[in-house]
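Undergrad: Sequences are here, hints too, so could you generate the full structure?
So the protein lines, in turn, are chains B and V. Residue numbering for the first sequence follows the working numbering, starting at 2 and increasing by one per position. Residue numbering for the second sequence follows the working numbering, starting at 370 and increasing by one per position.
For the record, the hints were derived by calculation from the structure and aren't laboratory data.
The list that follows gives simulated cross-link-like pairs (lysine-lysine, DSS-like), each with its CA atoms no further than 27 Å apart:
(1) Lys187(B) - Lys116(B)
(2) Lys414(V) - Lys399(V)
(3) Lys387(V) - Lys541(V)
(4) Lys189(B) - Lys116(B)
(5) Lys376(V) - Lys541(V)
(6) Lys148(B) - Lys541(V)
(7) Lys414(V) - Lys148(B)
(8) Lys487(V) - Lys148(B)
(9) Lys201(B) - Lys264(B)
Remember, it's a predicted structure, so these values are computed and weren't measured experimentally.
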Amino acid sequence: MDVQVLYNIVHQEAFGMNIAIYFYLTGLSAGSFILSTLAYGFGMEQYRPLGRVGVILATLLLIIAPLFLLIHIGIPYRAWHLFVYLNFESPITWGSFLLILYPINCIIYGYFMFKENMKLTRIFGLIGIPLAISVHGYTGFILAFGKARALWNTAIMPILFLVSAVVSGIALMILVCVIKDRFFSKQKKINMQLLENLGKLLAWMIVFDLFLVGSDLLVLLISHSDAQDVAHLILAGGFSPLFLGVENLLGKIAPFILLIVPKFRNLTTLIIASLLVVIGIFFMRYIVVVGGEFIPLI
Amino acid sequence: MTKETQKKRYAMLIDLRKCIGCNTCAVACKSENDVPLSVWRSWVKRIEKGKYPNSKEFFLPIVCNNCENPICVTVCPVQASIQRPDGIVYIDPHRCIGCRYCMAACPYGVRYINPVTKIAEKCYWCHHRVDAGLEPACAVACPTGAILFGDLNDPESALAKAVARNAVQVIKAELGTQPHTFYIDLDQDAVEAKEEKKDR
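TA: Here it is as structure tokens:
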């Protein structure tokens, strides 16, 4: 039976590229912060060189990220409404406080770290972990509350966002460590042992991320009709080159192979793998945000 | 309970058997609410089923459902989307920051960002007219009387009687939003967006 739409209006795009970039930057920030606390919060000494780099990256990225929100919203000078007219049912209200508390905590934590005050560094590092998890986890809830969009409305979304945040955070950290050691350190010598540890961590987080993406997709494929439509959109439709090719093949499977096969293990492949992951996770955000609202609702 | 103390619950009933797809409701809405070009508070979706000569066009006038359990009110971070006690959901234009979260969350796609003022807007059953004792512009303008508006809680109203005496449907009842725009003779294919998957 033919069903042909003769007339319907074109709907505006609700969340676009700005929101995808914002999610990407908060993810990188949360990932960097968690890596920074591995040594200073949990005492894993092999990761001590990451502490300072991590906190600087986390703070800088989280200062840039909300600027994309200000570009996105229609009337930026009304942003103070977010702190006055509260609606605690809305994830954006949770986020407006998290986006204030988390950078402040990052700055305090970093200050004590550079002052070599280990006790206070540890305390603020441990306070920062739930904040870092919340500041990225809430973005997953923003999408999960969009209950008409099958790609967003899943309970796995916050944890999927957190895992991809850690993945992208580790990859960015590898790149920044290479640049820092090569150009800005006194010895100009790269700490290969540290990078290899990070590489292994990255490889296994990629596996976890792939598992989450796969389980999300499997359930979408046999769920209700809207879910099947969006699963076909990202597997066979307009978003499939990005989803299958860029996000998963180049952004996850290729880096995993580069990182895990002993023959490939050297500095160049580590850099290539990290670059691929950083790019792949950006496309993951883009596909989730833009692909999720691609199919019109009515 | 006397009639005065009874809580009002406005609702709309669109009888698609009477709809001729003339778009008068959409035009009346645009004119009444000063809706800019390129956006619509209400519109008539039109689909064609079958192949000529065994074919028929179906019309679906779409307005806001003014849900009993509105997701747009839940997700609005600044309480700019407000549900009145009589069920109408409206947007405070001085409160809205234009974050578009309501647009992303609304299952019916009825919200838009006003290109001039940059805030979210939608159909609110012309509450300025309703408060003045009039009917919404679309209900008045409809030449075939397909659009009924009234108080669902008043058993004597024409709307409550029509809802009680007909088989009525709502759009996407499964989402639990409890829409209060009812339809008679609603076609499932007109609701779904299947054929619209366009390449962007």
